[in-house]
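*Asks:* Here is how the chains run, residue by residue.
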Amino acid sequence: MIPVAFDYVRPTSIDEAVAALAAGGEDAKVMAGGQSLMPVLRLRLGAPSLIVDCSRIDEMIGIRDSGDAIVIGSATTHHAVMHDSLVNEYVSLLAKATATVADPQIRHRGTMGGSLAHADPAGDLPAVAAALDATFTIAGPGGRRSVGASDFFVDYFTTAVGDDEVLVNVSFPKRAGWGAHYEKFNRTAQAWAIVGVAATVRMDGGRIAEARIGLTNVAPMPVRARSVEAALAGAADIAAVAAAAESAADGTSPTTDIHADAEYRNHLTRVLTRRAVVKAAGW
Amino acid sequence: MHISVSVDGTLYEADVEPRTLLVHWLREGIGKVGTVVGCDTSNCGACTVLLDGRSVKSCSVLAVQADGSSVTTIQGLSDGNEWHPVQTAFKECHGLQCGYCTPGMVMSTVDLLSENPNPTEAEIREGLEGNLCRCTGYHNIVKSVAYAAELMGGSTK
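In order, the protein sequence lines correspond to chains H and R.
Counting from 1, one number per residue, gives the positions in the first sequence under full-length UniProt numbering.
Counting from 1, one number per residue, gives the positions in the second sequence under full-length UniProt numbering.
Have a look at the derived ranges for each label pair, beta carbon to beta carbon:
#, chain 1, residue 1, chain 2, residue 2, range
1, R, 123, H, 85, 16 to 24 Å
2, R, 1, H, 176, 39 to 47 Å
3, R, 99, H, 47, 31 to 39 Å
4, R, 40, H, 246, 39 to 47 Å
5, H, 40, R, 28, 21 to 29 Å
6, R, 123, H, 2, 33 to 41 Å
7, R, 98, H, 146, 50 to 58 Å
To spell it out: a stretch of chain H is covered by chain R in this simulated footprint if at least three of its residues, at any positions, have a beta carbon under 8 Å from a beta carbon of chain R; those stretches are:
#, stretch
8, 5-12
9, 35-48
10, 51-63
11, 105-114
By construction, these hints were calculated from the structure, which means they are not laboratory data.
Glycine included, every Cβ here is placed at the ideal spot set by N, Cα and C.
Required output: the full structure, derived from the provided sequences and hints.
*Replies:* Shown next as structure tokens:
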């Protein structure tokens, strides 16, 4: 279908983007790669009066080393993220999860920040940002502010980014040498995750010294499997991981839909957590 | 809004409504009807074109977003009467049944081989994940991609 008519602006700076959003009021909508927004427009599930295209703002594109962290511009494409050497060295969990997002064409256009700001509970990247304690830089009429991952995701499709704000970049603390794996269970190619598990571990002498685990699509927002993380400290074999993974579904609130009921999602959460951690540990 | 887009080597200037999808402008604005609309839901990949050298679904890009860019459609692949090796491979290996998905399959293959000239069978299948063939003719499509890699100087593992 053809979208409802809208006005379109393509700012070249963050300040221009914020000004455009202020002028556009509550019916203005930010677009980056547009790979989540275009289907919404085409199916007329949404009809913003103004699209603010942020895909050509230099400050929002690219990946840099800030010392302790890797800072990724929000309009950097999935394709650029998954092939970037800094990301692969220091934030390998993000590279691995990004490689499973949608399909090649979507990854060429779709952006990391767009995916995070869209905050689809079945999207792959929010669990990664939660597991890695990413920090989000948001710009608005009052200037810039930083928000941690635990405060960024607010509800279904809702984040701390206000209607008059844009996500500028996301900063991931460096974790060189950590093993990582994103285990996604989905029905068909390019389908959304029924459940996904993002796991990254620091190994020491053949044992898991430290683990971080984020869960996809088991609650309105990404969930940290903190009890599993605690239980994994010192794990030396697959049996220990399996035992730790038994508590993976604690604290989740999965929905029941046509693909899976809540109890099945709980089962998947435990099984996929075991698999993800085992693969991240290289066992 | 005024746009300036190079399509298949020719520069086009046009005034388009912001809501115009790139695929609609290609087909109805400048007559590039080789690129087809399959699903309208971003799933099928039939409308795949190269935007600045990378495959995209042209139903999921606004024409205004292509302003200042270069687009290659299925109609821009051949060199005069000389087919692109991917086109030749699809013909030789019968990589099509009804042919509707073919323009998108071919464009995705061009992109895939530009990034990975020697794909394994698994890499071919993953690389074409964004393209659906409703005739389910995938087996010959995979063979076509492998043969195209061979024609282009790579060799599939």
